[in-house]
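Please construct the entire structure, taking both the sequences and the accompanying hints into account.
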Amino acid sequence: MATAEVSNKKTLKVQRFKPSDNPSNTYLTDEKGVWAWMTTVDHKKIGIMYLVAVAIFFAVGGALALLLRTELMTPAKTFIEADTYNQLFTLHGAIMVFFVLVPSIPAALGNFIMPMQLGAKDVAFPKLNLASFYIYVAGAIFTFIALAQHGLDTGWTFYTPYSTESSSSVIWVTMGVFILGFSSILTGTNFITTIHKMRAPGITWGKLPLNVWALYATSIIQVLATPVLAITVLLLTMERWLGFGIFDPALGGDPVLFQHFFWFYSHPAVYIMIVPGFGIISEVISTFSKKTVFGYWAIALSSLAIAFIGFLVWGHHMFTSGQSAVATTVFSFLTFLVGIPTGIKIFNWIATLYKGSIKMDTPMIYVFIFLFLFSIGGFTGIMLGALSVDIHLHDTYYVVAHFHYVMMGGTLIALLAGLHFWWPKMTGKLYNEKLAKIASVFIFVGFNVTFLPQFVMGAQGMPRRYYNYVDQFTAFHQTSTIGSYLLGVGFLIILYYLMHSLFKGAKSPANPWGSRGLEWQATSPPDFHNFDHTPVVIHGPYDYHQPMEEFQLGLAVDTNGHDSETAKEVVDKEREQWKNYSLG
Amino acid sequence: MDRLFEFMLPEAKSPTADSTDALFHFINEVSLVLLIGITFALIYFAIKYRRRSEDDETPVITHNNTLEITWSVVPLLICFVIFGWGYTGWLNLKSVPDNAYEIQVNGFKWGWNVKYANGAQTLNEIHVPEGRPVKIVLQSSDVLHSFFVPDYRVKHDVVPGRYTYVWFEAEEAGESIVFCTEYCGTGHSDMLAKVIVHTEEDFQTWLEKNGGGVSGTPVEQGEQLVQLQGCTTCHSDDGTRLIGPSFKGLWESEETLSDGSTVTVDENYLRESILNPGAKIVESYDNVMTPYEGRISDEEITNIIEYLKTLK
Amino acid sequence: MSNHSQAHPAHLQHHFVDSDQQFDAAKMGMWVFIVNEILFFGGLFCAYIVFRAWYPDLFTMAATKLDTTMGAINTVVLIGSSLSVAMAIRAAQLNKTKWIKINLLITITLACVFLVIKYFEYSHKMHDGIFPGATLYTYEGIDHPLAHVFFSIYYVMTGIHAIHIIVGIGLMIWIYIRAKRNEFGSEYYTPVEMVGLYWHLVDVIWIFLFPLLYLIE
Chain A
1154 MATAEVSNKK TLKVQRFKPS DNPSNTYLTD EKGVWAWMTT VDHKKIGIMY
1204 LVAVAIFFAV GGALALLLRT ELMTPAKTFI EADTYNQLFT LHGAIMVFFV
1254 LVPSIPAALG NFIMPMQLGA KDVAFPKLNL ASFYIYVAGA IFTFIALAQH
1304 GLDTGWTFYT PYSTESSSSV IWVTMGVFIL GFSSILTGTN FITTIHKMRA
1354 PGITWGKLPL NVWALYATSI IQVLATPVLA ITVLLLTMER WLGFGIFDPA
1404 LGGDPVLFQH FFWFYSHPAV YIMIVPGFGI ISEVISTFSK KTVFGYWAIA
1454 LSSLAIAFIG FLVWGHHMFT SGQSAVATTV FSFLTFLVGI PTGIKIFNWI
1504 ATLYKGSIKM DTPMIYVFIF LFLFSIGGFT GIMLGALSVD IHLHDTYYVV
1554 AHFHYVMMGG TLIALLAGLH FWWPKMTGKL YNEKLAKIAS VFIFVGFNVT
1604 FLPQFVMGAQ GMPRRYYNYV DQFTAFHQTS TIGSYLLGVG FLIILYYLMH
1654 SLFKGAKSPA NPWGSRGLEW QATSPPDFHN FDHTPVVIHG PYDYHQPMEE
1704 FQLGLAVDTN GHDSETAKEV VDKEREQWKN YSLG
Chain B
-16 MDRLFEFMLP EAKSPTADST DALFHFINEV SLVLLIGITF ALIYFAIKYR
34 RRSEDDETPV ITHNNTLEIT WSVVPLLICF VIFGWGYTGW LNLKSVPDNA
84 YEIQVNGFKW GWNVKYANGA QTLNEIHVPE GRPVKIVLQS SDVLHSFFVP
134 DYRVKHDVVP GRYTYVWFEA EEAGESIVFC TEYCGTGHSD MLAKVIVHTE
184 EDFQTWLEKN GGGVSGTPVE QGEQLVQLQG CTTCHSDDGT RLIGPSFKGL
234 WESEETLSDG STVTVDENYL RESILNPGAK IVESYDNVMT PYEGRISDEE
284 ITNIIEYLKT LK
Chain C
178 MSNHSQAHPA HLQHHFVDSD QQFDAAKMGM WVFIVNEILF FGGLFCAYIV
228 FRAWYPDLFT MAATKLDTTM GAINTVVLIG SSLSVAMAIR AAQLNKTKWI
278 KINLLITITL ACVFLVIKYF EYSHKMHDGI FPGATLYTYE GIDHPLAHVF
328 FSIYYVMTGI HAIHIIVGIG LMIWIYIRAK RNEFGSEYYT PVEMVGLYWH
378 LVDVIWIFLF PLLYLIE
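Residue numbers (the numbering used here), protein chains in the order written: chain A, 1154 to 1737; chain B, -16 to 295; chain C, 178 to 394.
Worth double-checking, as some hints may not be accurate.
[Claimed, not checked] Think about it this way: if two alpha-carbon atoms lie no more than 27 Å apart in a straight line, the pair counts; the simulated DSS-like pairs of lysine-lysine are: (1) B:K77 with B:K31; (2) A:K1280 with A:K1185; (3) A:K1512 with B:K31; (4) A:K1582 with A:K1657; (5) A:K1230 with B:K231; (6) B:K231 with A:K1587; (7) A:K1590 with B:K31.
[What the hints assert, rightly or not] Counterexamples of contact, computed for chain A against chain C with all Cβ distances above 12 Å: (8) D1174; (9) L1204; (10) T1223; (11) V1250; (12) K1280; (13) Q1375; (14) L1588; (15) V1609; (16) G1641.
Please keep in mind that the hints were generated in silico from the structure rather than gathered at the bench.
Idealized CB from N, CA, C, for every residue including glycine.
As structure tokens, then:
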């Protein structure tokens, strides 16, 4: 053990800390009880609370989807009224977008994993992190108040003037979304600061896990786009309440202006939803191929490219809206540009598999499903970016299928990959691999049976948000409905074996996948402070050609975060001298 | 042409559709090739490089600039082609030929009111001549709608407070369905119409027969008006409950309003309910009707009331 | 391990390695928050720009109803408060605890003056029937059918700005109490600096609002 002042040493003393497979103390054993959970500032517990909340909302949104699909079994009324149907699809969209997809990966998995991948004890502003969770809850309460009153029937897009005239409880929901926006903003602010300032010694930008790069790009979008959503829904609220005259043509406003405002947020928002998924894919694909990620910088920087170009394409939602011809042309052109970085990622991931040592465990299966489904989502996105074709396809089931392939086939499948990947880390338990594989088959088959027919009927002219439809689409709708039931079964199986694992699952070792990621060098589940030492990083997170023990280093002196030496000095010194490190 | 993806599109019935369809097939074919490539690579790698032991060593391949550039630039070039193709096709959809026959279409909750140059009017039926470009001028009297004819591959939002348009050229006599594709409330999915294509001769005959709009006694005119204005979409004449109260037996009946008060249906009540329907809502119904203020003349209102009086 | 038993400062939170990291993090977080705020007001400025481009005469006509003198006084008041809050930070850096408090009090007073003037502006307009939105708007002195739209924009922009002022007063009272407890000095003054940054932002936004709304010719 080194005992002298670290700052006086010529070389940095590091020591190996092999994580115990049987930790005596974990974040789950510390601070027990409901009240301790509710007031915790621990990023791991907050991440878990988000995960539970997101899962509940997903169950609600999913149940709504099944009701919608059931109603669409027959061309006319099956079992609910048109107004009910309109409310259900609105809620399905609003809940899935605002309460599931946006917070799912960053706020739930990201919160838990990202500080650990940085070797930090917590995010930069732990109290703010807890606050953002409660703001999310407050937003949800507002939405539920709306449900208890007159519901919402505007579609999740709140297009004016329908939303200013609707007799449903629009204001409660817009205020809910307004509040929810701040939750997203605070998470983004917190993450950006954490990534900049809380990295453990040795984690340079070039050694940042790609998951962190993805969350970084996501946070930038959250910070830049969400305030505009906030102001949009605020103005919409005022429009309804006081008759502001900005969006409602009857009062002198312009409905197309509302669409510009709305999509300025809501298009980047789709990248808030999908980019964190990219991060998970990179982590999982490298771990289960036991191989360095191919094109690290291409993947890292393409996330940032997507974040920035993603701000310039919102008008492609409005090709038929009556926006100016010049705008339409430019937005179409830029839309193709944003497709390129996404394509680059897919090619790099596939190249990572080349000559790897591939193990098809559940997380990897979901990565493969992701790559297949998301590619289809991407290609159909190119289709919708092409001006003349979009005129035909806009607002049909083709668009519905496209965004489900991207959002569900992309984000949600990536979330499932991440959940299965980090589940042992988060809970310390293993799940039933066999059941997990069966469930993944249900998900894959069910998903395609649900949404592939929607591409065809959309191209044939079936408009979206239709309660009744003409007979020629019946077969497509029925196939789609059956597929949705298969999907539902898949999710129920997942719920079952995850709950089973939680209570009766086998104990997981610290690093069941043999990953080189820093989060796997903590115990499973991690210690309350993540690591009981300050980790020192000398290799990148994907250097599978380096021995495992070189990924288990920490400062030899017990700093416990209260050392007089600054992290920056340690990093600087370590950069110079890492070759001379000594294993203590 | 026998194309792989033909089955996905409805039969094209306007020359405006050709470029759209060709591009649709092109993107599908390129995508299919790429998707097969990606899927094949995934499966091939997963089998060929499957883990044989936990001590497998993997080569360190960090990147390859040639590959990166290739798979960035080639898709980019393909995208440029698609952009240019889509752009020219779209310009064609925007440029109406000079000799186009113009028809005014007004979207409302929930129907399409159609007006022709000679004063003829129809509801949810757009009669057009074959082989002649037709320009549909769109306006909305309430919320956003969208006018979509899948057979012609044309669509445009119908925006309150401004005019928008689409154009097409129906190739032969027949019918094509029209959908509303912008969500507009309860009756959104019933807001359908038909484009009815006549031969040039039939079209002229049809126009002459229907020219001048409504005609006959006040009661007859009123009956035609409630059809043309789309009243019957929500109000039945046989007592059936639709979105709004039925017209049957309405005259001089006693109605309970949503605030609990009662009103006797007379001329003034009917007039107010047409011009400003939100003022007095009958109990158990929603306030969803479009105000007709500025869209209907006093004489027309009188005729409608005369007609309603006859529905005992 | 004597070197590690040295007492760490009370303000250092457990998850930071040292004070510098904590300060850097706070400062960075604050700047990200400021970017946020700029985007938030940016949305409003967009609405402003769009409507001004569509209806230039409306803006010239309606702006005459705004009281330029009161707006100008408020501009001076806010610039003065920015100066005093900057001096509070300087005082903290120089360890002059007494001057932190004095400068904070000056800033709070000026902020209140701003709000009082704003109150008079609002109440005067509302007395004339100039309200935000068509529902309440009754003033007939501006010959333009969309006069209410200008005042919708005016009220929402200045109103949200005023909410920021109120939040700022609250924050300054909070750090005034902490300054009274002698929590700040040259070693630790992060909250003072952060509130100062926030206050400068509020000031800068007003400097854009004033000419854009009041000084239209």
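Results of checking the hints against the structure:
no.: 1; hint: B:K77 with B:K31; in the structure: violated (52 Å)
no.: 2; hint: A:K1280 with A:K1185; in the structure: holds (19 Å)
no.: 3; hint: A:K1512 with B:K31; in the structure: holds (11 Å)
no.: 4; hint: A:K1582 with A:K1657; in the structure: holds (8 Å)
no.: 5; hint: A:K1230 with B:K231; in the structure: holds (25 Å)
no.: 6; hint: B:K231 with A:K1587; in the structure: violated (65 Å)
no.: 7; hint: A:K1590 with B:K31; in the structure: holds (21 Å)
no.: 8; hint: D1174; in the structure: holds (26 Å)
no.: 9; hint: L1204; in the structure: holds (21 Å)
no.: 10; hint: T1223; in the structure: holds (40 Å)
no.: 11; hint: V1250; in the structure: holds (19 Å)
no.: 12; hint: K1280; in the structure: violated (9 Å)
no.: 13; hint: Q1375; in the structure: violated (9 Å)
no.: 14; hint: L1588; in the structure: holds (38 Å)
no.: 15; hint: V1609; in the structure: holds (39 Å)
no.: 16; hint: G1641; in the structure: holds (39 Å)
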